[in-house]
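Number of protein chains: 2
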Amino acid sequence: MVFTEEDIFKLQKIYRINLINSCSGYKSANLLGSISKDGSTNVAVFSSVTHLGSKPPTLGFILRPTTVPRNTYQNILDTGVFTINHIHKNIIEDAHHTSAKYDADISEFDQTNLFEEYKGEFEAPFVKGCPIQMAMSFVEEVYIASNDVKMIVGRIKELYIDDQLLQDDGFIDLSKGEVMSIIGLDGYALPKLEERFGYQRPK
Amino acid sequence: MVFTEEDIFKLQKIYRINLINSCSGYKSANLLGSISKDGSTNVAVFSSVTHLGSKPPTLGFILRPTTVPRNTYQNILDTGVFTINHIHKNIIEDAHHTSAKYDADISEFDQTNLFEEYKGEFEAPFVKGCPIQMAMSFVEEVYIASNDVKMIVGRIKELYIDDQLLQDDGFIDLSKGEVMSIIGLDGYALPKLEERFGYQRPK
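Sequence order for the protein chains is W and R.
For the first sequence, position 179 matches number 179 in my numbering, and the numbering has no gaps at all.
For the second sequence, position 149 matches number 149 in my numbering, and the numbering has no gaps at all.
Rather than coming from a laboratory, the hints here were simulated on the basis of the structure.
Incorrect hints may appear among the rest.
[To be verified] In silico negatives: residues of chain W with every beta carbon more than 10 Å from chain R:
#  : residue
1  : K37
2  : G39
3  : T41
4  : S48
5  : L77
6  : A104
7  : S107
8  : F109
9  : N113
10 : E116
11 : Y118
12 : E121
13 : E123
14 : K128
15 : D162
16 : F197
[Said to hold, decoys possible] Label-pair restraints from in silico Cβ distances:
#  : chain 1 : residue 1 : chain 2 : residue 2 : range
17 : W       : P65       : R       : V2        : 28 to 38 Å
18 : R       : K203      : W       : M1        : 36 to 46 Å
19 : R       : Y15       : W       : K37       : 33 to 43 Å
20 : R       : E5        : W       : K89       : 23 to 33 Å
Glycine included, every Cβ here is placed at the ideal spot set by N, Cα and C.
In isolation and in its complexed conformation, chain W is listed as follows:
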């Protein structure tokens, strides 16, 4: 099967967004937790969290103009903080339901069986029970003009990892925590680690 760029433009919208959202490969499956100035909490699924660098430890995610979780964005701008929590097998249905367009004053924590957790002085809510949880601080937003999207960059302030996932050299075996991966807009896949190949040198 082949689609040219012209074919893609002509596709019916739902077909097109399913196709182009799933053609890039597997995506990370995260819940972003945030809190408004007034103290309303928010949690929303994101599938674009990407590693940017390890010193300083920064991650980015894509915010589309039409995406649901604009509450997340406003909260991050207002408070400067958010959390990233990995979606694991037991919570996929509730995690995906956070993509529904709730008003800003309704917390997705109240509409699902996801539970808030607070750590120390950190203002934004974590999602209880996730095998990896990160306290993030907002660094910058970068505008990507060609598609009218923004990359939001955050720095890791605290990284919590379920002990059994962490290997001796710092590698995190996500599959031991039943961390999920996303295909397209609504597909949840469970990966299994097959192999590590180490650092490669020319033959």
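Knowing the structure of chain W, use the given hints to seat chain R on it.
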């Protein structure tokens, strides 16, 4: 286990890059094919290809100053084109070996059992046998100052999909093609699609 930002700065380098590269969740596993002005081909593994938008259909990937595949970058600037090919189970070892630092005049296609494929007039090489192959044209590069990295944005010109992966609504079941996902710098995981939940509305 918890790491603060300060802890992360103090970690030994290899431990730190393993940790921070694997903490963001599962990553896409792609081979980028390119060709120099002189006709030397290049193929290199990337784990940061991200969906940016579907109309126009654009994808981005992160280029770090210290990353190996600088040949890929120069080729893209010189020719304006590249290919994205999904890494599947049968080629993971060769795919990962493309991360070795070969000189620009040595083609990774000659150093591995990966084979070049050309389609129509498109200048850059595809990787033969991959269940998804995309012909891409360079759109823009966006500088992310906070970590001195670039996002390279490309537009999909042609999208080739193994028929059996494509569902009636445009969703691509990557797991039917044994497409892999990457953890950290060198872990290859095989995901299995568990469930699709569809579009969500408030309860």
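Hint by hint, here is what the structure shows:
{"no.": "1", "hint": "K37", "verdict": "23 Å, holds"}
{"no.": "2", "hint": "G39", "verdict": "21 Å, holds"}
{"no.": "3", "hint": "T41", "verdict": "16 Å, holds"}
{"no.": "4", "hint": "S48", "verdict": "5 Å, violated"}
{"no.": "5", "hint": "L77", "verdict": "16 Å, holds"}
{"no.": "6", "hint": "A104", "verdict": "12 Å, holds"}
{"no.": "7", "hint": "S107", "verdict": "12 Å, holds"}
{"no.": "8", "hint": "F109", "verdict": "13 Å, holds"}
{"no.": "9", "hint": "N113", "verdict": "12 Å, holds"}
{"no.": "10", "hint": "E116", "verdict": "18 Å, holds"}
{"no.": "11", "hint": "Y118", "verdict": "14 Å, holds"}
{"no.": "12", "hint": "E121", "verdict": "13 Å, holds"}
{"no.": "13", "hint": "E123", "verdict": "16 Å, holds"}
{"no.": "14", "hint": "K128", "verdict": "15 Å, holds"}
{"no.": "15", "hint": "D162", "verdict": "8 Å, violated"}
{"no.": "16", "hint": "F197", "verdict": "4 Å, violated"}
{"no.": "17", "hint": "W/P65 / R/V2: 28 to 38 Å", "verdict": "36 Å, holds"}
{"no.": "18", "hint": "R/K203 / W/M1: 36 to 46 Å", "verdict": "37 Å, holds"}
{"no.": "19", "hint": "R/Y15 / W/K37: 33 to 43 Å", "verdict": "38 Å, holds"}
{"no.": "20", "hint": "R/E5 / W/K89: 23 to 33 Å", "verdict": "29 Å, holds"}
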